[in-house]
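2 protein chains.
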Amino acid sequence: MPFDLDKLCGDDLFGIQCLPYGIFQPSDGSKARIGARLGDHVLDLSGMFGDAYLSASSLNSLMAQGRGTWSQLRGRIIESLERPRFRDSVVRNAHALNDVHLGMPFDVADYVDFFASEHHAANVARLFRPGTPPLHPNWKSLPVGYHGRAGTVYPSGVPVKRPWGQSASEGGVAAYGPSGKLDFELEVGFVVGRTSPIGQPVTIDEFDDYVFGVNLVCDWSARDLQAWETFPLGPFTGKSFCTSISHWVVPLAALEGARRPLGPQNPIPSSYLRGEVPPWGLDLALEVAINGNAITKPNFRDMYWSPAQMLAHMTVNGARARVGDLFASGTVSGTQEDQLGCLLEITKNGNEPITLSNGETRAYLEDGDETIFTGRALLSNGSMVGLGEVRAIVA
Amino acid sequence: MPFDLDKLCGDDLFGIQCLPYGIFQPSDGSKARIGARLGDHVLDLSGMFGDAYLSASSLNSLMAQGRGTWSQLRGRIIESLERPRFRDSVVRNAHALNDVHLGMPFDVADYVDFFASEHHAANVARLFRPGTPPLHPNWKSLPVGYHGRAGTVYPSGVPVKRPWGQSASEGGVAAYGPSGKLDFELEVGFVVGRTSPIGQPVTIDEFDDYVFGVNLVCDWSARDLQAWETFPLGPFTGKSFCTSISHWVVPLAALEGARRPLGPQNPIPSSYLRGEVPPWGLDLALEVAINGNAITKPNFRDMYWSPAQMLAHMTVNGARARVGDLFASGTVSGTQEDQLGCLLEITKNGNEPITLSNGETRAYLEDGDETIFTGRALLSNGSMVGLGEVRAIVA
Numbered sequence: 001m002p003f004d005l006d007k008l009c010g011d012d013l014f015g016i017q018c019l020p021y022g023i024f025q026p027s028d029g030s031k032a033r034i035g036a037r038l039g040d041h042v043l044d045l046s047g048m049f050g051d052a053y054l055s056a057s058s059l060n061s062l063m064a065q066g067r068g069t070w071s072q073l074r075g076r077i078i079e080s081l082e083r084p085r086f087r088d089s090v091v092r093n094a095h096a097l098n099d100v101h102l103g104m105p106f107d108v109a110d111y112v113d114f115f116a117s118e119h120h121a122a123n124v125a126r127l128f129r130p131g132t133p134p135l136h137p138n139w140k141s142l143p144v145g146y147h148g149r150a151g152t153v154y155p156s157g158v159p160v161k162r163p164w165g166q167s168a169s170e171g172g173v174a175a176y177g178p179s180g181k182l183d184f185e186l187e188v189g190f191v192v193g194r195t196s197p198i199g200q201p202v203t204i205d206e207f208d209d210y211v212f213g214v215n216l217v218c219d220w221s222a223r224d225l226q227a228w229e230t231f232p233l234g235p236f237t238g239k240s241f242c243t244s245i246s247h248w249v250v251p252l253a254a255l256e257g258a259r260r261p262l263g264p265q266n267p268i269p270s271s272y273l274r275g276e277v278p279p280w281g282l283d284l285a286l287e288v289a290i291n292g293n294a295i296t297k298p299n300f301r302d303m304y305w306s307p308a309q310m311l312a313h314m315t316v317n318g319a320r321a322r323v324g325d326l327f328a329s330g331t332v333s334g335t336q337e338d339q340l341g342c343l344l345e346i347t348k349n350g351n352e353p354i355t356l357s358n359g360e361t362r363a364y365l366e367d368g369d370e371t372i373f374t375g376r377a378l379l380s381n382g383s384m385v386g387l388g389e390v391r392a393i394v395a
Numbered sequence: 001m002p003f004d005l006d007k008l009c010g011d012d013l014f015g016i017q018c019l020p021y022g023i024f025q026p027s028d029g030s031k032a033r034i035g036a037r038l039g040d041h042v043l044d045l046s047g048m049f050g051d052a053y054l055s056a057s058s059l060n061s062l063m064a065q066g067r068g069t070w071s072q073l074r075g076r077i078i079e080s081l082e083r084p085r086f087r088d089s090v091v092r093n094a095h096a097l098n099d100v101h102l103g104m105p106f107d108v109a110d111y112v113d114f115f116a117s118e119h120h121a122a123n124v125a126r127l128f129r130p131g132t133p134p135l136h137p138n139w140k141s142l143p144v145g146y147h148g149r150a151g152t153v154y155p156s157g158v159p160v161k162r163p164w165g166q167s168a169s170e171g172g173v174a175a176y177g178p179s180g181k182l183d184f185e186l187e188v189g190f191v192v193g194r195t196s197p198i199g200q201p202v203t204i205d206e207f208d209d210y211v212f213g214v215n216l217v218c219d220w221s222a223r224d225l226q227a228w229e230t231f232p233l234g235p236f237t238g239k240s241f242c243t244s245i246s247h248w249v250v251p252l253a254a255l256e257g258a259r260r261p262l263g264p265q266n267p268i269p270s271s272y273l274r275g276e277v278p279p280w281g282l283d284l285a286l287e288v289a290i291n292g293n294a295i296t297k298p299n300f301r302d303m304y305w306s307p308a309q310m311l312a313h314m315t316v317n318g319a320r321a322r323v324g325d326l327f328a329s330g331t332v333s334g335t336q337e338d339q340l341g342c343l344l345e346i347t348k349n350g351n352e353p354i355t356l357s358n359g360e361t362r363a364y365l366e367d368g369d370e371t372i373f374t375g376r377a378l379l380s381n382g383s384m385v386g387l388g389e390v391r392a393i394v395a
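So the protein lines, in turn, are chains P and L. Sequence positions in the first sequence follow full-length UniProt numbering and run 1 to 395. Sequence positions in the second sequence follow full-length UniProt numbering and run 1 to 395.
It is possible that part of the hints are untrue.
Pairs involving identical chains hold if they fit within one copy or between any two copies, as the list cannot separate such chains.
Stated by the list, open to error - Computed list of lysine to any residue pairs in SDA-like fashion (alpha-carbon distance at most 20 Å, straight line):
(1) K140 / R274
(2) K161 / Q200
(3) K161 / S89
(4) K140 / S169
(5) K297 / Q339
(6) K297 / T355
(7) K140 / R301
(8) K140 / G171
(9) K7 / E360
Quick caveat, the hints were computed from the structure, so don't treat them as lab data.
Only chain P is shown next, with the shape it has when bound in the complex:
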């Protein structure tokens, strides 16, 4: 693959405006280390700059350096790409993506999953609790969330194994077997790069000091297991078997131009959920494809709660955030039929299967199905920045 720096820095989704971070291992078998993606290449940052924290096999070491270093490093990469005198170094440290192994980008400390789309919450309620109000009384007062399993967050490409577990059967007796309702949930994740003091909430205005970057997240869900187990303590085995994330964490700085005000919040939330600026989301055009069929296209700007509100709520009780924490938005769904973020909503819990281009139908995922999430941020300057894909086959 020829390395054409000018082309790579151009209007590619992963050009100079994006520069997401990840972990790669070159084909020569040398150890995994931190790289930045540039187009269809990855730049070996430890080779380019030599800082010790860049030789680590997870992004945690970079993240722990703090926001000042995040900003400086991004500046140094951009400078290297723009100035002719650095060109030799860039070329020498560029590896074609096809030639490297991409690894788990960071060690997940705690994983929290929110439920921040009103459209998703209401759609789910209409399916499971028809005739009752679609939102619980708490829903518009706080971003509802729960802790997921950090140890089963895997990078894109790791197959998702159909989970076994219990579900409800006729007569109220539990059935035990493989899930018959395996679903994806399209989510956006936020990676925390700073540890907060014990007992001290992260305020909503400190978001940029704490969040290192953004990724795509697939919250795999076994709907039958989840439905049976979920009362009264919430989802457990129906979610904890696997969560997939993209190989690439897009720096928050790359997404500044994608910030957009969210819709109105009524009632006005508690003081700790209000900041100096009105709640903002990100204009992220997302897409899910199953076996090559694009089946839904939500946009992340349609969420009710903002990422900064999620982080403030997660720590309002004094829970510390840690380097490596991942919090995800919950399923991203919009108002339209082609903007629903999971099969539960798309197929009405399997009752209205979709038809793929080869004529097959899907109520939920079948063994061998490949799901791919992609996304791009729409910047206010008219250009676009990519999010790393999430891809997994049901095994």
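Dock chain L against the given chain P, drawing on the hints supplied.
Showing chain L alone in chain P's frame:
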């Protein structure tokens, strides 16, 4: 403090039959490392044996060695205490507990909290859902559980800071402020010392290969925050501010003599929850004191679900267990009024305050209150083995 080896190895709760592991830092400022408690002393195991994994500042390195090493190390410690020729080495490596700093014993990977006491589950339901069946339909089919926050598990002695958050107020509008219903939950924890393959459940008969040891756990709970947030995804900020664990992890081998058959399980659970031997619990006599007043004395043998069933359920879906995982039993409550494991049950959600010896009353915990959990295992040979205490002041 004089070091009397014969006395220490005698019938002390932390004598030669117990030998729990922890992390200590000597007063000379040398680095924290792995020790074994013997009476009111701690033995410097790296000093006694020299193995590299004993110099680590968390038990994870020892746990990762596997069950064979766990067994050998315990045998070597016991041999050192029993044979006169090792006495000099033991004495040289013994530090009085008063002279050392005890640290966080292990790095928590994932933290899962169960709900495995039928008496607790039924008592809670009677308080919050009077007139409905006390157990959800799933309760006797699977050990209900959820993920807690690993990053806020702290060792005994770290003060618990009263959390702020939202609770329900009159008119259904959320109130924001400090919790007015801060509670403890007395639990028993199990520390996982082995990582399982991705996608492969840990069977119920593999329990002894995976569980390194046992500790006491306080699942601090803000009942007002919990009640408001909990639907539909379960507890979040009402629990995630703090979980306290003892400094000491008692090896599973020390508790073999405390195994007891559990009561009958009806209906018979799914096949993955049945093993070669009937479900067993541990005869652990537990106690909670507030400001020096012993207020409750549950026994862990009164649980419905067994520890092995909890681990099997946690991984039935292929979720891997990891070195450092902690799973806790949920509140341990018995059938009697003096066997209830949390203030919610003891004071009937604050409606029937308890009176302390100084005449003060408590509906829930007040600032400055000190809670202490203690426990001892009753072995079939008639002797007893201690569990490390959990102690924290509300700050």
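Here is how each hint holds up against the structure:
1. Proximity of K140 to R274 under the C-alpha cut-off of 20 Å is restricted to the intra-copy arrangement: shortest distance 14 Å within a copy versus 43 Å between copies.
2. Proximity of K161 to Q200 under the C-alpha cut-off of 20 Å is restricted to the inter-copy arrangement: shortest distance 10 Å between copies versus 39 Å within a copy.
3. Taking the closest pair of Cα atoms, K161 and S89 never come within 20 Å of each other, the shortest separation being 42 Å inside a single copy and 51 Å across copies.
4. In this assembly of identical chains, K140 and S169 lie within 20 Å of each other by CA distance solely across copies; the values are 15 Å between and 34 Å within a copy.
5. Taking identical chains as interchangeable, the C-alpha atoms of K297 and Q339 lie at most 20 Å apart only when both belong to the same chain, with a minimum of 5 Å there against 55 Å between chains.
6. In the homo-oligomer, the alpha carbons of K297 and T355 lie at most 20 Å apart inside one protomer (16 Å), although the nearest pairing across protomers, at 60 Å, exceeds that limit.
7. When the C-alpha separation of K140 and R301 is checked against a cutoff of 20 Å, the pair qualifies only within one copy, where the shortest distance is 17 Å, while the shortest distance between copies is 43 Å.
8. Taking the shortest Cα distances, K140 and G171 sit within 20 Å of each other only across copies (14 Å), while inside one copy they are farther apart (36 Å).
9. In this homomeric assembly, K7 and E360 never come within 20 Å of each other (Cα to Cα): the closest approach is 40 Å inside a single copy and 76 Å across copies.
The structure fails to meet hints 3 and 9 from the earlier list, while all remaining hints are met.
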